[in-house]
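Residue numbers (this note's numbering), protein chains in the order written: chain A, 314 to 553; chain B, 35 to 254; chain C, 2 to 249.
Check before you lean on any hint, since a few could be wrong.
[Unchecked claim] Simulated crosslink set (SDA-like; lysine to any residue; CA at most 20 Å straight-line):
1. C:K85 with B:E223
2. B:K82 with C:K111
3. C:K111 with B:K244
4. C:K139 with B:N252
5. B:K248 with A:E377
6. B:K244 with A:N381
7. A:K408 with B:E223
Quick caveat, the hints were computed from the structure, so don't treat them as lab data.
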Amino acid sequence: MNYNWDWGILFRDPYLGWMISALGWTILISILAWIIAFSLGSILGIFRTSSKKSLRLIATCYVELFRNIPLLVQIFLWYFVFPELLTDDWSRWVKRDMPYPALTTAIISIGLYTASRVCEQVRSGINAVGEDQRQAGRAIGMTEVQVYKYVLLPNAYRIILPPLTSEFLTIFKNSSLALTIGVIELTAMTRQIEEYTFQGFEAFTAATIIYSLVTFTVMALMQQIDRRTALPGSFSKGAS
Amino acid sequence: MFELDFSVIPANSSLLWEGIKMTFLLTGLAIVGGIILGTFLALLRIAKIPVLSQFSAAYVNFFRSLPLILVIFWLFFLVPLIVGRPVGAFSSVLVAFILFEAAYYSEIIRAGINSVRLGQLAAARAMGLTYIQSMRYVILPQAFRAMTPILLTQAIILFQDTSLVYVVGLRDFLVSAEIVANRDQRLVEMFLFVALVYFVFCFAASLGVKYLQKRINNEL
Amino acid sequence: MNKKDNMIKMKSVNKWYGKIQVLNDCSLEVSKGEVIVVCGPSGSGKSTLIKTINGLESVKSGEITVSGISVTNKSTDLDQMRSKIGMVFQNFELFPHMNVTENIKLGQMKVLGRTDEEADHKAKALLERVGLTEHAEKYPSQLSGGQQQRVAIARGLAMEPMAMLFDEPTSALDPEMINEVLDVMVKLAKEGMTMMVVTHEMGFARKVADRVIFMDYGKIIEDAPSQDFFGSPRSDRAQEFLSKILNH
Numbered sequence: 314m315n316y317n318w319d320w321g322i323l324f325r326d327p328y329l330g331w332m333i334s335a336l337g338w339t340i341l342i343s344i345l346a347w348i349i350a351f352s353l354g355s356i357l358g359i360f361r362t363s364s365k366k367s368l369r370l371i372a373t374c375y376v377e378l379f380r381n382i383p384l385l386v387q388i389f390l391w392y393f394v395f396p397e398l399l400t401d402d403w404s405r406w407v408k409r410d411m412p413y414p415a416l417t418t419a420i421i422s423i424g425l426y427t428a429s430r431v432c433e434q435v436r437s438g439i440n441a442v443g444e445d446q447r448q449a450g451r452a453i454g455m456t457e458v459q460v461y462k463y464v465l466l467p468n469a470y471r472i473i474l475p476p477l478t479s480e481f482l483t484i485f486k487n488s489s490l491a492l493t494i495g496v497i498e499l500t501a502m503t504r505q506i507e508e509y510t511f512q513g514f515e516a517f518t519a520a521t522i523i524y525s526l527v528t529f530t531v532m533a534l535m536q537q538i539d540r541r542t543a544l545p546g547s548f549s550k551g552a553s
Numbered sequence: 035m036f037e038l039d040f041s042v043i044p045a046n047s048s049l050l051w052e053g054i055k056m057t058f059l060l061t062g063l064a065i066v067g068g069i070i071l072g073t074f075l076a077l078l079r080i081a082k083i084p085v086l087s088q089f090s091a092a093y094v095n096f097f098r099s100l101p102l103i104l105v106i107f108w109l110f111f112l113v114p115l116i117v118g119r120p121v122g123a124f125s126s127v128l129v130a131f132i133l134f135e136a137a138y139y140s141e142i143i144r145a146g147i148n149s150v151r152l153g154q155l156a157a158a159r160a161m162g163l164t165y166i167q168s169m170r171y172v173i174l175p176q177a178f179r180a181m182t183p184i185l186l187t188q189a190i191i192l193f194q195d196t197s198l199v200y201v202v203g204l205r206d207f208l209v210s211a212e213i214v215a216n217r218d219q220r221l222v223e224m225f226l227f228v229a230l231v232y233f234v235f236c237f238a239a240s241l242g243v244k245y246l247q248k249r250i251n252n253e254l
Numbered sequence: 002m003n004k005k006d007n008m009i010k011m012k013s014v015n016k017w018y019g020k021i022q023v024l025n026d027c028s029l030e031v032s033k034g035e036v037i038v039v040c041g042p043s044g045s046g047k048s049t050l051i052k053t054i055n056g057l058e059s060v061k062s063g064e065i066t067v068s069g070i071s072v073t074n075k076s077t078d079l080d081q082m083r084s085k086i087g088m089v090f091q092n093f094e095l096f097p098h099m100n101v102t103e104n105i106k107l108g109q110m111k112v113l114g115r116t117d118e119e120a121d122h123k124a125k126a127l128l129e130r131v132g133l134t135e136h137a138e139k140y141p142s143q144l145s146g147g148q149q150q151r152v153a154i155a156r157g158l159a160m161e162p163m164a165m166l167f168d169e170p171t172s173a174l175d176p177e178m179i180n181e182v183l184d185v186m187v188k189l190a191k192e193g194m195t196m197m198v199v200t201h202e203m204g205f206a207r208k209v210a211d212r213v214i215f216m217d218y219g220k221i222i223e224d225a226p227s228q229d230f231f232g233s234p235r236s237d238r239a240q241e242f243l244s245k246i247l248n249h
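Looking at chain A on its own, in the form it has when it is part of the complex:
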C-alpha cells in the first residue's frame, strides 16, 4: 500500500482549526434541527393519536410525505426548488439576502424530516401508555388536552427516551448531508483535508473517532438518565 503516514497533520495549523470549526457546524446543525424535530414531532405525535380525525389525517399525511422521500432529495427540494416556487420578492430574499442559506436550509430540512420520525416515536409511546390510561383520565372529567398533559405525555416520554436519543443521534449523523449543498461540516472537512494534504487516512480516522465518541457518550448519558427516571416497578426498554 503506497501511503505516507503523517498522524500529526491534524494537530497542525490550519487543519486543527478547520476541524474544530467544522465540528462546530455539525453540532450547531444537530442541535437546531433537533429543536425543530422534537417540537414539531411532538405536536404531530399528539395529532396522530388524537380523537379528532382531521388532526390524525394531517399528521399521517405529513409523516407519509416526509418518510417516503430520501432526505437528500428533500434537502435539494428545499434548497433548489422551494425558492423558485415563492413569489418574486420572497424568492429574491431567500436566494440572496437570507443569511447562511445553505446552513439554514440544511437545518430546516433535516429538522422537518426527523419530525416525521419523532412523531412516530411519540405515537408509539402514547400507545404504550395505553388506551385504558386515556379513558381513566377522561372518566374523571379531564379534557383531552389535560389527558395528554398530565397522563399520556409524561409517561410516554419516559418510555421513548431510548428511541428518541437514537433519533437525535440520527440527526447528528444526517448533518453530514449538509455537505451536498456546501456546508463544510465535519465529514466535508475530512474530504477537504484529504484533497489538500493527501492524508485522507488520518482525516477520516479523526472524523470516525469523533462520531463514535459522540454516539458512545450520548448513549451512555441516556442510559444514566433512563435508569434514574424510570418509574418504580417498570423496566426500561433497550435502546432501539
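With the hints as your guide, set chains B and C onto chain A.
Frame of chain A; chains B and C shown alone:
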C-alpha cells in the same frame, strides 16, 4: 412562479432510465449482501464464545455510529489503496453499503432469532441435530418469517439511502436527474420528478409491507 | 440384573443454578425395557434431572451413561448420542413452519441420513401407529394439543431410539386430550420401550410404571417398584405428596 416545463423528462428518458436501473441494481445487491453479512453477524453475536460475540457487537455499534456518507468516503478512498489500482465508484460504494447496512440488518435478525421460542432449539438438539443444523432448518426459517416485514422496511430505507452515492458522483437516479437539470436548466421539474418517483415507489412498498404484516399476524 | 442391561445410569449427579442446588447427589439406574415415572412437587428438579440424561442440561459433578456411552464426558459426541434418545416436551415443540410429515422426516434425513422416500415411508407408518394418518399434510397450528403431542411422540420414535424421555407430556393439555396421549404411551411401554417419564399422572404410573422415583428439593427421596410406592411409600414426604395428588 414561472412556467414549468416537464417535457424535459421524456426527452431524456434513456439517461433517466439508466439512472433508475443503477439505483435498483445497487439497492438489490446491497440488500442481498447486507442480509447475508447481517445474518452472519447475528449468529456471531449469539455465539457462546466471547471473542466472537464481542467482535460482532463492536462491529455493529461502530457502523451504527457513523454517517453513511463517511463510510462511503472511507471505502471510496481505501479500496483503491488496498487493491493497488483505481477502482470504479460502483465497487467501492457497493462494499460501503453492504458493510453499513449489515450492521442494521444484524440487529433485526438477532431480534428475530431471539423471538423464536427456546424450546424449539431444545427440541431440535434433542433429536440430534447439530447447532448449525438446528439454526438452518428450525430457528432461522422461523426467525425470517417473523422478521420479513421489518427486513423489507429496512430495504426501503436502503433504497432511499442509495441516493447518497451523489457524493461520489455515481450515476444513480438522482444524479442522472441532476445532470439533466443542470444541462437544461430545469432544476424544479427534475427534482420534483425525482421526489415524486421516490414517493410513489416507497409509499407503495410500505403499503405492501403493511399488508404482508397483517397477513402474517392473521396466520399466527 | 445384568450390568449390560443398564440403559441409563446416573451416579452422584449435582447441579446448581447460581446458589440454588437443583440436583443433589442423584443416582439411579434404568434397565432396558423398564418404564420409570419421576414425580414430585414443582421445583423438585425432575425436569432438570431428565434433561441431564441427553445432555440438554449440564451437570456440575457426577456421571451419566446411556447404553455404556458417557454423557458427562466432554469428548462424547452429544449430537450423535441424542439421536439415539427420543425426547417429548411439555409444550410439544413441533416445528411450526413444517407440516406434520416434514416434522417427522427432518431428523431422519438430516441426522440419520435416510433418503426422502425412506423417511417418508417411515413417517407414514408412525403416523398410523399414533392414529393420525389423515393429518399427514397438516401444520401443527391446525391440530389440537393432544394431536400435536402424538405427532411429537412419532417424531421421537422416527429416530428409532434406545430410550424415550418424556418431560411432563400431558401437563399442557386440556383434560379431555390427556388420555389419547397416555394411550399411545401405554402402548409404547407394552411394546418394550425403555421410558423415563416425568408426570403427575399417577393413573398412568400405576398402570405401566415398573418403578417410581420421587423427588423433592433436588434429591431423590424414594426409588421403589411401583406397587411398593403406591402401596406403602416409606417417606413422609412421598405419602403427603401422594395423598394430595390422588385426592383429585
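Here is how each hint holds up against the structure:
The suggested pairing of K85 (chain C) with E223 (chain B) is violated, with an alpha-carbon distance near 71 Å, which exceeds 20 Å. Taking the CA atoms of K82 (chain B) and K111 (chain C), the gap is near 24 Å; set against the 20 Å cutoff, the hint is violated. A distance of roughly 36 Å separates the Cα atoms of K111 (chain C) and K244 (chain B); the hinted pair therefore is violated under the 20 Å criterion. Our distance criterion of 20 Å between C-alpha atoms is met by K139 (chain C) and N252 (chain B), whose separation comes to about 17 Å.
Note on K248 (chain B) and E377 (chain A): the hinted pairing holds, with a Cα-Cα distance of about 19 Å set against a maximum of 20 Å. About 14 Å separates the Cα atoms of K244 (chain B) and N381 (chain A), which keeps this hinted pair within 20 Å; it holds. Between K408 (chain A) and E223 (chain B), the direct Cα distance comes to roughly 18 Å. Compliance with the 20 Å bound is thereby established for this hinted pair.
Comparing the model with each numbered hint stated earlier shows that hints 1, 2 and 3 do not hold.
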